[in-house]
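Letter by letter, the chains look like this.
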Amino acid sequence: MNKVIIIRWGEIHLKGKNRGLFEKMLENNLKYAVKSFDCTFKKVSGRYLIKDFEPYLTDEILDKISKVSGVHSASVCDLVQSDIDSIIKKSVEVCAEKSGTFKVETKRADKNFPMLSVDISRKVGGEILKANNNLKVDVISPDFILNIDIRESGETFIFTDTILMMGGMPNGSAGKGLLMISGGIDSPVAGYLMAKRGMKLEAVHFHSYPYTSEQAKEKVIELTKAVGEYTGGIKLHIVSFTEIQEAIHKFCKEEYMITLMRRFMMKISEKIAKNNGLQTIITGESLGQVASQTIESITSSNSVATLPVLRPLIAFDKIDIIKISEKIGTYQTSILPYEDCCTVFLPKHPLIKPNLKKVQLEEERLEVDALIECALSNVETIEL
Amino acid sequence: MIYLDNAATTKVDITAFENSKKYLTEEYFNPSAKYHGGICALNAIKQAKESIAKIFGGNFEVIFTSCGTESDNTAIFSYSKRGNVVTTLGEHSAVFAPLDNLKKSGYDSRFAKINDDGSVNVEHLLSLIDSNTTLVSIVHVNNETGAINDINYISKKCKEKNPRLVFHSDGVQAFGKIQTKLAQSVDLYSISAHKIGGIKGVGALIKNKNLKTLKPFIVGGGQENGLRSGTENVFGIKMLEFVSLDKAVNFERNFNHVSNLKKEFLSRLDKSLFKVISSDTASPYVISISAVGLKGEVLQHMLEKNDVIVGTGSACSSKNPFSRVLKEAGYDNKTLDGVIRISFSFDTDLESVITAVSKINENALNLKKAMYNL
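Line by line, the protein sequences give chains R and Z. According to the numbering used here, the stretch in the first sequence is residues 1 to 384, in order. According to the numbering used here, the stretch in the second sequence is residues 385 to 758, in order.
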């Protein structure tokens, strides 16, 4: 009846002398992910094991593990004592409902086991064939592989499926960044991708109440929470952008609204990042997707930043971003129709290729520092 | 806080709540149970049915449901198996959506045009009725504009064209607020508790006793004479009874009070900023106005910051930006974008309305200045 989940890591294998550090980080992240379950967690050579849990919790535990970056794959195994009769009995049971072609692969870490791996595979395979007429052996390209893993501990793991997990590097192993999150499809995906590469995240959102709604803010909180599931929780900084938008609307040319907004957002984000010890700013920009994401627009907003600005989606097509968004469960929330930027102030014809010098001149009409100070003095921060 | 979104929902009536709560804490028995407590609970429901039925005049009985939407759906799905159903473009979604869905799947749902105040164009409605019409469903008071459809008159006209059709009306915004004595030509009438001080999750379908063909929408243990199964919410039903009786007894006083609120509100409203959509003959409980050229939702948020809660006819939404009903009533996008809805309750006081209208004027002006750099 016993089940065990084997968890394998991915790219950590490539690490050299500091590999232990990454392994420890992944271990801590995994322990944190399953801390609410009644189970035991064990590190064995080259992998982690989760044992002693109620079988009905298997899917829930797998779901949690699927959100831990650095995990390459997992398998749910049956656990039996390392004797050939138990191994055969369980293997026959595991294959009872299956059909098609298969092969048996045995790994024998316990060299004291009295049979060779190849003999075990042959013996078990023969017994499975006797018990199930719907199966045939195919050692070249089988429909499934029955894996028998005989451990030194006197236990044997038997499993057929390997589930691919998130991949990437352990969260926290690649520094800390500030994700600029809107209510759209892209920015949560950008956050997810950076989390996948091991970056710890905080997020910043700009809202313009009363020009945008409380629902739009709630939507962003939901999206940030979803991203936070990949980073072991996340902090969201909410900045009121109303006064800045009003000022730009009042003093600057209509078509500069979005260009100037982006520069303000970047400046405020950088201050928040620096105040919170974050090393980079992350945006969901994708080249040419909208007017504010042309190379000229990006140049305009990028020029106010001193921290590196990472744009993991820069070369992604929208359709590919949507696919990831669906995979990480943010798509349905992203498409809720609450706009994060009210149409009240949006220009009919925004600048597509802003000229940096002209943008700077236009910006000089505003008391930039005072507006930024004011926005920063009213930041609402929530732990999600 | 000044709450002027009573067409969305109302505060619970405290007296009715106090008088009903024993049905949660002491007389909590299942009305289907055969022991004394159960029988008492069933009697309490019977009493509520009688009291509420009387409000509608002679020959009606009450089927308790979970909400106005369920009442509407019960009527619609009972009579949309064959023939055609005629309704209006001014219906609440509880009627519009099921009939629109049926139309999309091939059923002959027919939608009558509406006038600019949201009331039905009766001539067009009658032209849609033929010998195959099984049901006509018309909202009594439009939930966005307050426009009143004279359902007693319209139902008679409909039955002159086809005496076999069943006439239903959604009375959710009418019951307890305007006169709801029903003519014998009305067969079914939906009401909801939480619009008049009852709790959410309780409604009723009022049924003409002569109507024998109604089919249940929810089937199970056979409660409500088999027309609506499911253990009855005795507490909620008693609250509905108590608030209904109170509204019936105090009808004139409440109506005059709220009519005065409407008059005062409209007289103080800055007409250079607002267009009034609701007509003079509309229910005084609902006033639809538009800050033409401004954004209704933004104004709603600004007012909320100033402790005034109003409803909105549109949302800052790219998908469904405008009110379906007002669009059908023929308003342009600039008007539709600026719509807010003010709705009163029996206990809304004049002082609050005067404060609110001045804040509405002030905030609309501020928004106009911000939007147009005045």
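Hints are not guaranteed to be accurate.
Derived DSS-like pairs: lysine-lysine, alpha-carbon spacing no greater than 27 Å straight-line [what the hints assert, rightly or not]:
#, chain 1, residue 1, chain 2, residue 2
1, R, K217, Z, K655
2, R, K348, Z, K718
3, Z, K752, R, K217
4, Z, K689, Z, K438
5, Z, K659, R, K348
6, Z, K655, R, K250
7, R, K24, R, K200
8, Z, K743, R, K217
9, Z, K711, R, K348
10, R, K235, R, K225
11, R, K348, R, K35
12, Z, K711, R, K250
13, Z, K543, R, K217
14, Z, K596, R, K250
15, Z, K711, R, K253
16, R, K250, Z, K743
Rather than coming from a laboratory, the hints here were simulated on the basis of the structure. From a predicted model like this one, the values you see are computed outputs, not experimental measurements.
So, going through the hints one by one against the coordinates:
Restraint check for K217(R) and K655(Z): not satisfied, since their Cα atoms lie roughly 33 Å apart, outside the 27 Å limit. A threshold of 27 Å between alpha carbons decides the hint, and for K348(R) with K718(Z) the separation of about 16 Å falls inside it, so the pair holds. A threshold of 27 Å between alpha carbons decides the hint, and for K752(Z) with K217(R) the separation of about 24 Å falls inside it, so the pair holds. Note on K689(Z) and K438(Z): the hinted pairing is violated, with a Cα-Cα distance of about 44 Å set against a maximum of 27 Å.
Note on K659(Z) and K348(R): the hinted pairing holds, with a Cα-Cα distance of about 26 Å set against a maximum of 27 Å. Between K655(Z) and K250(R), the direct Cα distance comes to roughly 26 Å. Compliance with the 27 Å bound is thereby established for this hinted pair. Taking the CA atoms of K24(R) and K200(R), the gap is near 16 Å; set against the 27 Å cutoff, the hint holds. A hinted pair counts as satisfied when its Cα atoms are at most 27 Å apart, and K743(Z) with K217(R) qualifies at roughly 25 Å.
Taking the CA atoms of K711(Z) and K348(R), the gap is about 23 Å. The hint holds against a cut of 27 Å. Among the hinted pairs, K235(R) with K225(R) is consistent with the structure: their alpha-carbon atoms are about 9 Å apart, no more than 27 Å. Distance check on the hinted pair: K348(R) and K35(R) sit about 52 Å apart at the alpha-carbon level, beyond 27 Å; violated. Restraint check for K711(Z) and K250(R): not satisfied, since their Cα atoms lie roughly 32 Å apart, outside the 27 Å limit.
With a C-alpha separation of about 51 Å, the suggested pair K543(Z) and K217(R) falls outside the 27 Å cut-off, and the hint is violated. As the CA atoms of K596(Z) and K250(R) are separated by approximately 66 Å, the hinted pair breaks the 27 Å bound. Our distance criterion of 27 Å between C-alpha atoms is broken by K711(Z) and K253(R), whose separation comes to about 33 Å. As the CA atoms of K250(R) and K743(Z) are separated by approximately 23 Å, the hinted pair is consistent with the 27 Å bound.
Checked against the numbered hints above, the structure violates hints 1, 4, 11, 12, 13, 14, 15; every other hint is satisfied.
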